[in-house]
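Quick note, the sequences are listed as chains A and B, same order. The numbering used here puts the first residue of the first sequence at 3, with every later residue one more than the last. The numbering used here puts the first residue of the second sequence at 4, with every later residue one more than the last.
Read the hints as simulated data drawn from the structure, not as lab findings. Please note that a few of the clues may not be correct.
Stated by the list, open to error - Below, in silico cross-link-like pairs of lysine-lysine (DSSO-like), each with a Cα-Cα straight-line distance of 27 angstroms or less:
| no. | chain 1 | residue 1 | chain 2 | residue 2 |
| --- | --- | --- | --- | --- |
| 1 | B | Lys88 | B | Lys110 |
| 2 | B | Lys123 | A | Lys355 |
| 3 | B | Lys123 | B | Lys110 |
| 4 | A | Lys67 | B | Lys123 |
| 5 | A | Lys201 | B | Lys123 |
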Amino acid sequence: MKLTKGFLNREPRKTALSFVVSLTLMVLAGVMSGCNDNPGVPVTGAEKAADDEQSETASACAFYKGENIVVVTYNDGTDHDPTVTYGPNSRKVIAGASLMGWSYSKNKGQSWTYGGKVSPPNGWAVLWGDPAITDDNGAYQYVFMSNLAIPNSKMPANGIDGSVIVSGADSYIGGACIARSADGGVTFQNYQCVSNTVKNSVPNSDKGHFYDGGSMASSNAGEIFAAFVDVTTSQIDVWRSPSASGQFAMLPPPFPGIGICSHPRLRVRRADGALYVAAQACNNSVAFINRYINGSWGQPVAATDSGVIYPNVAFGGGLTLRTGPQFSFDVGAASNENQSDAIRFLYTRRDSKSGRLFVTGSFCPASLSPGCWGAPEWGTTPGNLNTPGDQFNPNVAAWPGFIGIDPAWKSSFLDRDGSVQNAVTLRQGNLAYLPNGNRIYLPFIVLGDKPVCPDTRGYWGDYGDLALVGFENNIAQFLVTTSDSSLGCDRRWDFDSHNQHIRGVVFQ
Amino acid sequence: MKHRYSLPTFLIVPVIVCFSLAASCESRKADSRQDKNPVVSSAPLPSPQAIPSVAAVPPEELSYGEGDCAPRFANGMRGTCINGKPCNGFGVKDQTGKIECECFGTKGGCPEGQVCSVIKRACVPPQDAER
Chain A
3 MKLTKGFLNR
13 EPRKTALSFV
23 VSLTLMVLAG
33 VMSGCNDNPG
43 VPVTGAEKAA
53 DDEQSETASA
63 CAFYKGENIV
73 VVTYNDGTDH
83 DPTVTYGPNS
93 RKVIAGASLM
103 GWSYSKNKGQ
113 SWTYGGKVSP
123 PNGWAVLWGD
133 PAITDDNGAY
143 QYVFMSNLAI
153 PNSKMPANGI
163 DGSVIVSGAD
173 SYIGGACIAR
183 SADGGVTFQN
193 YQCVSNTVKN
203 SVPNSDKGHF
213 YDGGSMASSN
223 AGEIFAAFVD
233 VTTSQIDVWR
243 SPSASGQFAM
253 LPPPFPGIGI
263 CSHPRLRVRR
273 ADGALYVAAQ
283 ACNNSVAFIN
293 RYINGSWGQP
303 VAATDSGVIY
313 PNVAFGGGLT
323 LRTGPQFSFD
333 VGAASNENQS
343 DAIRFLYTRR
353 DSKSGRLFVT
363 GSFCPASLSP
373 GCWGAPEWGT
383 TPGNLNTPGD
393 QFNPNVAAWP
403 GFIGIDPAWK
413 SSFLDRDGSV
423 QNAVTLRQGN
433 LAYLPNGNRI
443 YLPFIVLGDK
453 PVCPDTRGYW
463 GDYGDLALVG
473 FENNIAQFLV
483 TTSDSSLGCD
493 RRWDFDSHNQ
503 HIRGVVFQ
Chain B
4 MKHRYSLPTF
14 LIVPVIVCFS
24 LAASCESRKA
34 DSRQDKNPVV
44 SSAPLPSPQA
54 IPSVAAVPPE
64 ELSYGEGDCA
74 PRFANGMRGT
84 CINGKPCNGF
94 GVKDQTGKIE
104 CECFGTKGGC
114 PEGQVCSVIK
124 RACVPPQDAE
134 R
């Protein structure tokens, strides 16, 4: 190939240009994403003396009276009261207990105000966490959040000692309760409880099925959706309210004939209002996805390869962390006109060779047809990056883009890299493409070497959240909320540990 | 004649700025803690493949049995009472249609010190099955 001095001929020059542009963009992206010196702020529990705990988060962004309000709900142990008491090896829960607490921020997560707790409504004895939340995309002043709940009919007169599960799918939990805010998340009131009371072979199923997990979403038309894994039937129960003031009614099952074991995740596609639900099958941990559009479900589609459900993560020194759902997805801007990757997943797998956990990607078209594709370039798939530890608890959040504001595909995960004992690093990265069409993933530190402080069951908040909270300089900003034991770990009981709070970091 | 690939002039400045910013950022991080941002490997990536469709498997039919012989565990959980015997698992039909005690493949139920979790579909330590 003939070259002219000082210049490249066309093809090599094009290649070199492409390389340089790619490199520039990568470095720029790296600078913007990786240079995060922001240690975040406490969403809860800023004071060390506070003998109360918060864990597990879900977040949303509302708009009320000219203000953007970010709302985070969590399992709330603030101001321990006699309804939940702990001993080194015991936990007693009596009627009136509630873990449904929240905080809100009017300055995009720079500081937070404790909102309080919602008390159990009539007919329900306990609100038992696994928080979910959504703003109303049809009327942004409304925010809905949910908790698992114990109905009066299943609540023992003397309270519950220890586990809220009796045996298998027989649990004191018998549904979920939803609270609503009409002022952007500053205050909440009970709205409606949902319960599946179809009797089957599980004892007490007619008093309300055992719900676990929780996810909420909303369409531009103002529909509100809530979903839970119905452990009693191994299905996902999806509830829909037609508006912010409507009644929730259960939709037909999205995964008929498939035994489902994981928490669900819901997302709505802004372009057409389609609802997507995904959850992992019991037998092989494959995440299935289905779409609800024009009043009916399509066919479930396998969206990931076989993953893991609720794996334990072993640290040195015998400390073990239990975990929550190990997949996440969102619906956003596709990289092509075919919309072939409008849905992107990040999920956790275990490497058969090393035994380590890693996060990896996949993508699906908005139509879910003809199916989904693996994207091992996204994540910490063996061969991608030098990530020797365990990576888990993935989250994905997309901004689909608008005039003047580019789309964004953000993800986060926890990394037990082992360099600091009993600590994890929170990382984030874009589910991105290079200009030449190759997928690329470069994770950067959000919070490094966070000390973990689980109770002796391994509980340290089963999940956190990642959510769009605004824009700065026409670039999408995201809030990640995670368990925080930076105040130290001075108590680890069977059902309680201290310190355990929530920290939030906003980044681009 | 030796030829050299040169960077187009208009890209030199932004690239230098970017690398400078990146270096500055990373050096600041390195000052405060061991830098652990992962290093890109030169190993070849696996090719993307279609996610195979998998057979839908319905949930197992579990029997919780009858009677009050279910074992009780220290954390407040219980097993089941299958065929009049304590079972640390659930009743599952065997090939002949007879109900037997089992925990998702573990015949006879879980060993002592473990309980049968319908969420994890396995015998697990009691603390792993709690909520």
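Under the constraints set out in the numbered hints, which ones does this structure not fulfil? The structure conflicts with hint 4 only, although it agrees with all the remaining ones.
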